[in-house]
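S.K.: As a plain string of letters, each chain reads:
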Amino acid sequence: MDRNQRPRSIIDSLGEELIAILTPVSICMFTVVLLVCILNSDPSSSSSASFSSIATEAYSESDSDSSWDKFVGAFLNSLVFVAAITVATFVLVLLFYLRCVKFLKFYMGFSAFIVLGNLGGEILVLLIDRFRFPIDCITFLILLFNFSVVGVFAVFMSKFSILVTQGYLVWIGVLVAYFFTLLPEWTTWVLLVALALYDIAAVLLPVGPLRLLVEMAISRDEDIPALVYEARPVIRNDSRLVQRRVWREQRSSQNDNNDVENRTNRNEVVRVVGSAEVEEERVGSSERAEISVPLIDRRPDQAENSETFLEGIGLGSSGAIKLGLGDFIFYSVLVGRAAMYDLMTVYACYLAIIAGLGITLMLLSVYQKALPALPVSIMLGVVFYFLARLLLEVFVVQCSSNLVMF
Amino acid sequence: MTVAAGIGYALVALGPSLSLFVSVISRKPFLILTVLSSTLLWLVSLIILSGLWRPFLPLKANVWWPYALLVVTSVCFQEGLRFLFWKVYKRLEDVLDSFADRISRPRLFLTDKLQIALAGGLGHGVAHAVFFCLSLLTPAFGPATFYVERCSKVPFFLISAIIALAFVTIHTFSMVIAFEGYAKGNRVDQVIVPVIHLAAGMLTLVNFASEGCVIGVPLLYLVASLTLVHCGKMVWQRLLETRNQSSASR
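Heads up: the protein sequence lines correspond to chains S and W, in order.
The numbering of the first sequence is our numbering, which starts it at 1 and goes up by one.
The numbering of the second sequence is our numbering, which starts it at 1001 and goes up by one.
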């Protein structure tokens, strides 16, 4: 059969945008799991010493406490953390309202530099120590400094190659996620659940800060200044030329139409899942507070049934998907914490998170309004972690240690 | 025994599926999504099964009939889920066809349907290999190795990787057979898939005998190659049929 003459089937390109966003999420999770396995496998290392940050202000877990104490302590920790994030988000909303966009951009750049330089430097030092890699201070500092500066430019100036920008964003996500996995165990799980609940509240309540932020951004038709991962969409003509669409072009064509509901641009799906990073005060080591901006869908109503269904399961024909860095980070934290127990839980949580992301995109197309991106994945991930740990492991180990498989 | 050995065991179990993935599946994003969803389905079925069997575990070490019961119930449940998977796929196929009609593209070709079935089977196979073999491989990356008394000639990791490879093959290709059987209403194909799965599961019970894996594993590979051959024959026939049809209608 002559492949060149055969017309392209529809499954050749369906679901491309979903895969374009699943790939970096998977890479981020894989890198965090790898780091956790490498750096935590050495029991003689002292890196498990106290990691104090704002998330452990209220209570530091120690092994000798009872379960109830640990749970209460973890709950207090998460309350403190969520309160801090709420305050920070409201400050962000206020600054955005007063149009201090330049200050926000400068602050984002500064925090990216701190993450890349400080957290990145710490991880690299741990890796150098683990692998006994011979390198001297001065070379290391020069390389680190250059790397961080290029990273800041890549993330905030859009003239860089898209791969470099995406790579740096994923790397920033990996760094922050690794440091979050160093929190004590109970605190991590309760914190993840608390953040998922906070995300729902902040996006769906009318007084929620993220909802205010999103509405302001839509009404002014501006970008929210945030660290956001963008998967550039690819459009195909019938002549099979592939062009990369610069999504800002599409957005500028909407400026003429002030009415948010009647966007006439039919093939446009702009899904924005953003998050803003705000730096917290550092105690001992650096801490990042993540704010998730909800998913926004600006597509007008589609009349056709099957196309809506396909859009609903995220396989629509066009669109630019942007995912906020906070979502990357918390998915990776969940998987990293699962990796500290066993690899089976890692696989279970990975599949749960991917399923949650797919469900969130489906819900977005059904409800057509701002939706939080964290809750479904985190809840599914936590449920699958506990199911895998309590039920699955015993079953599978029983079977395979007797070489009985099906 | 070392990182190299650990990676080696992982590749023994998953190498062919990795090459299948890179050469066929990664070209089309829809197939990647199919692999992910069928992996998720297999995981959910495994969790439900482990939930059902949890009160009865841990089973006694030398008695083989509880394991037989376990294998039979698990295989029946998973085959039931395979039928459900087929139903969902049928609905999706109708949606895709009507979508293709609307954007005036050709409907799903036969090779597309076969590829989707292959991707579904690969998802099941990869999930099996990951949960039954890879998740236990963590000690293999360390400095030592592990032997079980029942199969003392070969390290435990290696024998479980070999068994996992056989099962990956069986799962991958029996999904293609099953989907074609359900599509054509072919009774033989529909029945042969659960039979193969059950036979393979039962053959692993042979490993209970001392040094049973010397007999059990080659027989398992016999079943796997039977699946491969049957699937190959069936696909070849279908492709020839379709080509004859399309050249006759011109």
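None of these hints come from the bench; they were simulated from the model.
Hints should not be assumed to be uniformly reliable.
Unchecked claim - Listed below are the simulated SDA-like cross-link pairs for lysine to any residue, each with C-alpha atoms no more than 20 Å apart in a straight line:
hint, chain 1, residue 1, chain 2, residue 2
1, W, Lys-1113, S, Glu-16
2, S, Lys-105, S, Glu-222
3, W, Lys-1060, S, Ser-400
4, W, Lys-1060, S, Gln-398
5, W, Lys-1113, S, Gln-398
Stated by the list, open to error - Here are the computed distance ranges between Cβ atoms for each label pair:
hint, chain 1, residue 1, chain 2, residue 2, range
6, S, Ile-135, W, Ser-1026, 56 to 62 Å
7, S, Trp-68, W, Leu-1226, 52 to 58 Å
8, S, Ser-401, W, Ile-1215, 28 to 34 Å
9, S, Ile-142, W, Val-1003, 42 to 48 Å
10, S, Tyr-341, W, Glu-1211, 33 to 39 Å
11, S, Ser-66, W, Asp-1097, 56 to 62 Å
12, S, Leu-79, W, Ser-1225, 24 to 30 Å
A virtual CB, placed ideally from N, CA and C, is assigned to each residue, including glycine.
S.K.: Hint by hint, say whether it matches the structure.
M.R.: Hints, one by one, checked against the model:
1. Lys-1113/W <-> Glu-16/S: Holds, because 18 Å separates the two Cα atoms, which is no more than 20 Å.
2. Lys-105/S <-> Glu-222/S: With Cα atoms ~13 Å apart, Lys-105/S and Glu-222/S stay inside 20 Å; holds.
3. Lys-1060/W <-> Ser-400/S: 14 Å, holds
4. Lys-1060/W <-> Gln-398/S: Holds - the C-alpha atoms of Gln-398/S and Lys-1060/W are around 10 Å apart, at most 20 Å.
5. Lys-1113/W <-> Gln-398/S: 37 Å, violated
6. Ile-135/S <-> Ser-1026/W: 56 to 62 Å: 36 Å, violated
7. Trp-68/S <-> Leu-1226/W: 52 to 58 Å: Holds - the Cβ-Cβ distance for Trp-68/S and Leu-1226/W, about 57 Å, lies within 52 to 58 Å.
8. Ser-401/S <-> Ile-1215/W: 28 to 34 Å: 20 Å, violated
9. Ile-142/S <-> Val-1003/W: 42 to 48 Å: Between Ile-142/S and Val-1003/W, where Cβ atoms are some 31 Å apart, the hint is violated.
10. Tyr-341/S <-> Glu-1211/W: 33 to 39 Å: With Cβ atoms ~34 Å apart, the hint holds.
11. Ser-66/S <-> Asp-1097/W: 56 to 62 Å: 60 Å, holds
12. Leu-79/S <-> Ser-1225/W: 24 to 30 Å: 60 Å, violated
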